[in-house]
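Working from the sequences, and respecting the hints, build out all of it.
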Amino acid sequence: MTSTGAAESIRPRISFYEDQGRYGGILSWILTSDHKRIGILYFIFVIAFFFSGVVLGFFMRLEMIAPGGAIMKPQTYNSLFTLHGIVMIFLVVIPAIPTIFGNFFLPIQIGARDVAFPRINLLSWWLYISGAAIVAFSVFTGEGPPDTGWTFYTPYSLRTTVNVPLAVFGLFILGMSSILTGVNFVTTTHRLRAPGMTWHRLPLFVWAIYSTSWVQILATPVIGITLTLILIERFFGVGVFDPAKGGDPILYQHMFWIYSHPATYIMILPAMGIVSDIVPVFARKKIFGYMAIAMSGVAIAAVGSLVWGHHMFVSGQSDFAALLFSLLTFLVAVPSAIKVFNWVATLHKGSIVLEPPLLFCLAFIFLFSIGGLTGLIQGALAPNVHLHDTYWIPGHFHYIIFGGMGFGLFAAFHYWFPKMFGRMYNPKMAVWAWGTMLVGFNIFYFSMLLLGWEGMPRRYYDYLPQFRTLHLTATFGSWILIAGLILMFTNLFRGLFKGEKAGDNPWGGATLEWQIPSPPPKENFEEIPVIRHGPYDFEEFRKNG
Amino acid sequence: MALMILRSFGKMDDAKGLVAGEVRDATGARLGMWLFILSEILLFGGLFILYSAYRYKNPVDFHHASRELDVLLGTLNTIILLTSSLTMAASIGAIQRGQRKLSMILLIATMALGLFFLVNKGFEWGAKMEHGIYPNAPALLARAKGEILFFGLYYVMTGLHGLHVLVGVCVLLVMLILVSREKIHSTHVTPLENSGLYWHLVDIIWIFLYPLFYLIS
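Residue numbers (my numbering), protein chains in the order written: chain A, 1 to 545; chain B, 1001 to 1217.
The hints are simulated quantities; they were obtained by calculation from the structure and are not laboratory data.
Small disclaimer: the values here were computed from a predicted structure and weren't measured.
A couple of the hints might just be wrong.
[Said to hold, decoys possible] Computed cross-link-like contacts, DMTMM-like style, restricted to lysine to aspartate or glutamate with a CA-CA straight-line distance of at most 20 Å:
1. A/245 / B/1061
2. A/286 / A/537
3. B/1057 / A/319
4. B/1128 / B/1070
5. B/1145 / A/248
6. A/522 / A/18
7. B/1057 / A/248
Written as structure tokens, this is what we have:
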């Protein structure tokens, strides 16, 4: 995209790792306003939280290996599934892609030197860390960790004696971080695009982060006020969710899901953006239906904000509301399907190179399709009565969140790793890790789908003997999955120090990040590039060097 | 339609390769502030949803409870806040014309009006509490459920709004210092303008709270 002269003149510049700026040592990181350093900071913490979430999940699964309380008491199990949910959703899945890769690559991909508000960006990170610390603090103080489930449904969350207020306050802080990140990215996309970077030439990852940011800005305040109301209720007993004082607990559920359903699109949209960016590079072919993919992202963000009631089909909302929410839920499947078809159409007749990033994307498409289709089953009213609160639900959303967002995240790890760190991991090992995880994942979560179909309720620490085989299979699958995870992270970690030098453009990408050195220098571009063609225009790109 | 919205937003950006830090991007700062205000509106939006739902369920109780609020005090506070928005806007106009002193006087007036509003609010709350109307009070719990909710929401919503007024006063204090040190001047007004936007937001939220609590009886 840049002219060739510019690319060579910036070669001798030192990378952002060496260019410390005003402070030295650790301060050069925690006081930085460089979007790439902030991205790396998030990277470290998100991975740390991811592993704590995995450990919590591992013990939950271990408990379910045999009926009758295999290794723990019910209260411990309640805390485990609550913490697993809080950690994974609020500390990993929601922030991961926007904060790590959005921070690192959004400014580069639009040809900017940084985000619009670099210092607010740093503030976001501090809020994220503070919120996470408060949540962690709530686990070890008071009368024990929260046991309400990550949804904090009233009236139980108002009555339980465990440490709900502190955890809720931590989540409120995390929400502020999320809103500020969204404000930053929307403003950056509007104001800092390089000359010639029109809306039709934006990489689809930028489009995805842009749509996501809008949801972050518009939906997060609602959970903010909802969580604040829990605090107010607990400390002052106002009564807005207390039936004894005229309040309605169902309204809490409404307000919770008004945020938390759009939040599932905060989780999945950025991953879809990553897939849209990677697939054309490894098919050596222009993306099929650029505008359709970009606009379907916007459509998902918009329609996805109107489907929250499908979490409450059996909560006692009116039949008419349930019908409407079910219809809208079916509608939101359309833009998701548009994306899937466009990716597959991009692969069609492409010169496919099966490198690890593409393999992870293919896994995404496969797993996300299962997740999406199972979503349609529970989105219909009659089956939902049967499936609600069974293992089917966690089975479904793990296919979306882990199979979709998780594998999208892993795809991004493998795609952008050489750019971020200048070194390459072992691709063979990456394929092994990919295969192991894919097998483990399906054994694990497909068993959950089957368990739910047969009526195993979720969030129970014990079960009837008839579910024994499937639970054993699921636990077995979780071990394979974790083995794959360890293999993948070991491989990446090893690549960080011992990997071969990767070069500036190992995959032959045409977006801007591949036209600058690996790792990028501070402020990315010596001269702001002038954009003359689209992000997946490989022929133009080859002609112009 | 999505495209049309984008076009209108597109006017704010002409992809001319702005660089953060090098150029002061006033439009960008304003856009960021508007986005933040949007999120504030949705924060209060959650409470307005609760209000609507509960008023729909308990119209008579809300009517009775509303009658007990002091309309005079509420009206006075409305006038105070509206006037403060006027002085706020005038302060921005003054600094744009280079009248630093006048701008500072108007800023101080805005802050004083904000504090005056809070003091009034304090008296109002105090009077209600003396009559045993506060969250979880035995006298309040003995009343009809709709009235419990009305006063609960009254405290939560005016409380959160009061908190915003307080934050606004603090922000204006910082602005006052910046203006006095000439960090804000006729060619660089953006921080003051953004603070003004925030102040007007607080004002507008009150414009909705006032009729919903004081004028529905």
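Mind checking the alpha carbons of residue 1057 of chain B and residue 248 of chain A for me, to see if they're no more than 20 Å apart?
-> 10 Å, holds
Sort out whether residue 248 of chain A lies within 20 Å of residue 1145 of chain B, counting only the CA atoms.
-> Within the cut-off at roughly 11 Å; holds.
Are the Cα atoms of residue 1128 of chain B and residue 1070 of chain B separated by 20 Å or less?
-> Status holds; Cα separation ~10 Å.
Proposed proximity, residue 1061 of chain B with residue 245 of chain A (alpha carbon, max 20 Å) | 13 Å, holds
Given the proposed pairing of residue 286 of chain A with residue 537 of chain A, does the C-alpha separation stay at or below 20 Å?
-> Since the Cα atoms of residue 286 of chain A and residue 537 of chain A sit roughly 6 Å apart, the hinted pair holds (cutoff 20 Å).
Regarding the pair residue 522 of chain A and residue 18 of chain A, is the alpha-carbon distance no greater than 20 Å?
-> 9 Å, holds
Measure nothing beyond the straight line between the CA atoms of residue 1057 of chain B and residue 319 of chain A; if it is 20 Å or shorter, mark the hint as holding.
-> Answer holds: residue 1057 of chain B to residue 319 of chain A is near 18 Å, not above 20 Å.
Figure legend: structure checked against the earlier numbered hints; every hint is met.
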